[in-house]
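*Asks:* Sequence:
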Amino acid sequence: MPTLLELQTAMRASLVHRDGQAVAAMLARHIGADRLDVYRNTFIHTLTRALRLSFPITERLVGGEFFEGAAQIFVAQHPPRAAWLDQYGGEFAGFLRSLPQARSLVYLSEVAELEWAVNAALHAADVSPLDVAALSAVEPESQGLVSFVADPSIRLLRLEYPVDVIWRAVLASDDDALGSVDLGSGPIKLLIERRATGVEVERLTDEAWRFLLALCAGRSIESALDDIKDFDCTTALAEHLALGRFAEFVLPATPAAE
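Anchor point for the sequence shown: position 121 equals 121 in full-length UniProt numbering, and the numbering is continuous, going up by one each time.
Bear in mind the hints are in silico, worked out from the structure with no lab data behind them.
It is possible that part of the hints are untrue.
Said to hold, decoys possible - What follows is a set of in silico ranges between Cβ atoms, one per label pair, in the way DEER data are often shown:
1) 87 x 133: 33 to 39 Å
2) 202 x 49: 25 to 31 Å
3) 173 x 226: 40 to 46 Å
4) 123 x 202: 15 to 21 Å
Idealized CB from N, CA, C, for every residue including glycine.
Let the sequences and hints guide you as you build the complete structure.
*Replies:* Laid out in structure tokens, this is it:
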């Protein structure tokens with residue numbers, strides 16, 4: 001009798017790699033080959049549908065047939081590691097970047113990267129925004145030392161192509177806008193976040209993007225400004241706080257007096 005691990009390994013090979021010989025032999029007395037085919041087809045169909053839900057613009061750019069073929073290759077190379085289907089597909093943009101058949105659409109992988117950021121923002125955990133009143137109680141001389149914990153929905157992307165314009169054009173079925181996209185107008189820097197009205201995609205200036213990136217990485221306000229000259233951090237920080245982009249703030253403990 002096969003061990004549980006041997007059975008699981010054989011079942012994985014059957015579902016992911018379409019190699020059902022081992023598991024068919026192990027389960028010959030219990031499950032017929034046709035039943036295993038049903039399991040395999042259901043497995044692939046379910047994951048392909050999950051990818052379609054997360055990457056609808058990518059699919060519309062390449063067509064359903066191409067997308068399904070690419071998805072099946074992806075499923076074989078990147079089987080799910082968790083049971084949550086809305087978390088499946090994080091490697092899809094990188095997969096498309098290396099897929100020879102997709103090289104003619106140089107921006108395709110970046111469209112997928114944007115779509116995954118939108119998906120991640122949509123499904124991020126709900127947290128309460130930072131208590132601005134508590135932050136205002138910090139002594140003025142210590143305010144530069146404050147660091148923040150970003151809202152879980154925040155995503156910051158630097159992309160070579162204007163994929164936000166492509167994404168919006170396809171979303172609106174605007175062929176004229178899609179046809180007039182200037183692929184040489186990049187790179188672009190994007191903020192993706194979930195607000196009360198839904199997920200928003202916004203372009204930022206280089207300075208604003210780098211400042212927010214540093215803050216979201218946990219750097220203090222002073223540290224975040226080290227490499228950014230002539231930037232109005234006061235206005236930017238006020239906007240971030242007003243829109244609830246931080247969940248917490250941290251102030252380094254003051255060393256105890258000897």
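*Asks:* Compare the structure with each hint and give your call.
*Replies:* Against the structure, the hints:
Against the hinted window of 33 to 39 Å, the Cβ-Cβ separation of residue 87 and residue 133 comes to about 35 Å, which satisfies the hint. Range check, residue 202 to residue 49: Cβ separation about 30 Å, and the 25 to 31 Å hint holds. Evaluation of the 40 to 46 Å hint for residue 173 and residue 226 yields a pass: the beta carbon distance comes to about 45 Å. A beta carbon spacing of about 19 Å between residue 123 and residue 202 agrees with the range 15 to 21 Å that was offered as a hint.
Taken one by one, the earlier hints all hold for this structure without exception.
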